[in-house]
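From these two lone chains plus the hints, build me the complex, please.
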Amino acid sequence: MREFGYERADDVSGAVALLAADPDARFLGGGTNLVDLMKTGVERPARLVDVRELPLDGIEPTADGGLRIGATVTNSDLAAHPAVRRSYPALTQAVLAGASGQLRNMATVGGNLLQRTRCGYFTDVSKPCNKRVPGSGCPAITGEHHNHAILGASGHCVAVHPSDMGVALAAFDAVVTYETADGPGESPLTDFYLPVGDTPDRETALPPGALITGITLPPAPVAARSRYRKVRERASYAFAIGSAAAALDVEDGVVRDARLAFGAVASRPWRARAAEEVLIGRPADGETFAAAADAELGAARPLPDNGYKVTLMRNLVVAVLTELAEEAAR
Amino acid sequence: MAPAPSSTSSAVVLNINGEKHQLTVDHRTTLLDALRERLDLTGTKKGCDQGQCGACTVLVDGRRAVSCLNLAVAAEGREITTIEGMAEGDRLHPVQQAFLDLDGYQCGYCTPGQICSAIAVIEEHAAGWPSAATEDVRPEAGPPPLTPEEIRERMSGNLCRCGAYVSIVQAVARAAGADEAAVGEDDANQGETAKETAA
Chain A
15 MREFGYERAD
25 DVSGAVALLA
35 ADPDARFLGG
45 GTNLVDLMKT
55 GVERPARLVD
65 VRELPLDGIE
75 PTADGGLRIG
85 ATVTNSDLAA
95 HPAVRRSYPA
105 LTQAVLAGAS
115 GQLRNMATVG
125 GNLLQRTRCG
135 YFTDVSKPCN
145 KRVPGSGCPA
155 ITGEHHNHAI
165 LGASGHCVAV
175 HPSDMGVALA
185 AFDAVVTYET
195 ADGPGESPLT
205 DFYLPVGDTP
215 DRETALPPGA
225 LITGITLPPA
235 PVAARSRYRK
245 VRERASYAFA
255 IGSAAAALDV
265 EDGVVRDARL
275 AFGAVASRPW
285 RARAAEEVLI
295 GRPADGETFA
305 AAADAELGAA
315 RPLPDNGYKV
325 TLMRNLVVAV
335 LTELAEEAAR
Chain B
29 MAPAPSSTSS
39 AVVLNINGEK
49 HQLTVDHRTT
59 LLDALRERLD
69 LTGTKKGCDQ
79 GQCGACTVLV
89 DGRRAVSCLN
99 LAVAAEGREI
109 TTIEGMAEGD
119 RLHPVQQAFL
129 DLDGYQCGYC
139 TPGQICSAIA
149 VIEEHAAGWP
159 SAATEDVRPE
169 AGPPPLTPEE
179 IRERMSGNLC
189 RCGAYVSIVQ
199 AVARAAGADE
209 AAVGEDDANQ
219 GETAKETAA
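Chains as they are written, first to last, in this note's numbering: chain A, 15 to 344; chain B, 29 to 227.
Take these hints with a grain of salt, some might be off.
Sample of chain A residues facing chain B (criterion: CB under 7 Å; computed from the structure) [stated by the list, open to error]:
1. M15
2. T46
3. A111
4. G115
5. M120
Read the hints as simulated data drawn from the structure, not as lab findings. Glycine included, C-beta positions come from ideal geometry on N, C-alpha and C.
Isolated chain B (complex conformation) (with noise of 0.2 Å):
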């Protein structure tokens, strides 16, 4: 039997920071695409297109993930927050106002992708997540404690040509509460290997 002709586009609605958008995509268009050409959403950026970067990095049910991998019409139904969604108001989230504290940036081009990241980051931290970095993974070690190895590692899909590795780990610390003077002690150590390791 020949198969059914296909549409190859649909009308969809997108739910975005809570506010529900009508739109008919093309399915080719990506969410990333989606949200910049088309909303005028322009906070998440487009940097390789290709999911190697995280300039794009969104939260699509709370989970971080790349825009530019995921089709803007399988979005449909997932709650999608982006950078532009992450204040109260006035009132900057603690991710964002570290960055700005600490320098966490330069060029900020990648800084809406890294704080989307940051605030994944953090929660997979506090739900117990182990990663990489993590010495023993066994439930019974308990959660690793968030080191500057552990941030890096846990950052390392958001890329930042600009080298603000180490304010950037050191905003992650302060917002997610992790000890801040070991931090500072052991950047100034480790300041090359955390270049190394993000890039």
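Bound conformation, chain A alone (with noise of 0.2 Å):
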């Protein structure tokens, strides 16, 4: 590992100040990330500004009635509060159903949005990579890609965003608060993840050196009747192979209004606003449910070893909808 000087910040300006004097630094949240990268020398910075301090740990509800998150509310206090319990339950088991205990206790809101793929040749650094190395290669497209990207993906990468959280956050229109030396801006969480045409390595609509400060959740009722349900290779503890995230509002058999997004298909969470336009007025039944899946994986542009992807996220999404088409009734 590179050596690097450590320093806590006091405050936000000063965090945003530290990292503006220094390009090769970095923000160290709960580290579940990003120490790790740099124990494998994907990461190499030479100053590590602690922001865990910062005060920027507070879950609130805003005026509209949505909720306002910090940047560094552990995931494990994310899930387990109240309201996002109560208003975002989706939110809640997304969170719960990624990474462990421990490391729950550790990572935070901000640093969960800016991990990086758990791609093997990216965390690989004897291997290519466009995302790690510029205009070095992607070994994936036609290596080991059995858990790569079906949407949205490039002849210049095909690795997948691994948050569970950000589905979530996708499906309910999460706005993303940052920092910047030139004061503060804000984006869409769909707008925050740019697509990958040819530039992998440039991931997020984040300006050079700015520190997200948190997570805006608009008002959203809909999300009162929420799921997330992620499939994996083992029942506990593992990256999902395909994910979704889905909320219904169904009034005398037909669909009022829908949310749905996908998680472990695409370089980003993959808001599914096909299959929403798709759902909307229509009976909720299952052969609704399948066309709306339909419309939205009509685009996907599968590998030799993923297509297994496509039907997996069409059961899901049909499963999922089911499920909540099925509570609505009760």
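See the structure below:
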């Protein structure tokens, strides 16, 4: 591991100033991803600015009935918060579906958004990777890619974003807020992650040196009946091979409102707007749910060894929407 | 403006099991390595060193964490509790006693991490935290009973290569005061599931 300096930031402006002064510096949150990447040499910061003690650890209701979640809130505290469990239960389920109890106690909301892909070529510095070393190539396209992207990938990178939390946040129109040396900014989560294109190394719309300060969830009555379902290769403590956050509002057997986002299928949490359009105004039945899944997955471009994900996601969407419709009918 | 040169080591005071320890650490030193290599607290074990096996689990400010991904310098000012700090004199912590009584181990290497994790699991459950095994996470549904399924999910961050999971689940349930008869019956049916879940 490269030697590095360490500072603890007392306030947001101080943290931002420290990073602005040193392009080789990184913010340290829970460290569950960054420290691991430093051990393997993927990340080689010259300086860490520890932001865990910044006063960004609150979860507060907003005036319009949404929630404001601070960037240093741990995954555990987010998942356990009564307002989250009541108004956005799929968000609690998504967070609890990720990692382990130990890691959720350490990991922060801001860090979760900025965690890197677990693509085996990205995490192995002896291999080429366009995300890690632009222009070096993508061995995954012709190599090991059974858990890689089926939507929105490019010929330069087919890695998936590993977050569970981000999938629920994408479904619920979360907005990421940040601070820079030039002042504050914000971005809807669905625009926060950039299209892959030919620059897979550029992952987010965050300006250089910016510090994520929190997430704002707008009010979403539909989210009160929501679920997160995750498929993985073992029953617990594994990354998804496919997941879905879904919310459904059904009246007289007809879908009034719906939210749907997919995980482990793209370089970012994938908001399934084409599927939502099919759902709204149609009967809440299996035929509609399958048509909605097909509307979104029609754009899938699987690789030779991950075509199973198209079927998996279709079945998952039908299953989770059926569960929500049955819950609504009770 | 060029960044000011930054020192790559720091003098820190670590608060471990109620005692303060002064030492100078290279910033690259993990809490795990500081405990084992600098402070002779070798109860905390190094397994994967990548946050995946749970052998290095300790409590940080009362919450379980993997010490291999915590930097020692970042642990200054926090209360660290290791397996060495769990017993009161010769009186074992109830979780330690339950692991002994119910053979919650074979080789013992993962055991300190399992016990630290289990102590925190029982507290998290008592605080009403749901888990991925909880059917209804809404607060009005109330806290979930600490079933074997809940224990397996909550303990899934601690691997046991000997496969002592069935006894570990029973030990956690006994220490938590969960209904032991129900645990025994359930495990007779679900022993295989327990292994799969926690592996």
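Status of the hints after comparison with the structure:
This hint holds: A:M15 has a C-beta 5 Å from the nearest C-beta of chain B, less than the 7 Å allowed. The interface hint given for A:T46 holds, since its Cβ lies 5 Å from the closest Cβ of chain B, which is under the 7 Å cut-off. A least Cβ separation of about 5 Å between A:A111 and chain B falls short of the 7 Å threshold, and the interface hint therefore holds. Here the hint on A:G115 is kept, as its CB sits about 5 Å from the closest CB of chain B, short of 7 Å.
Of the supplied interface hints, the one on A:M120 holds, with its beta-carbon coming within about 5 Å of a beta-carbon of chain B, less than 7 Å.
Checked against the numbered hints listed earlier, the structure breaks none of them; every hint is satisfied.
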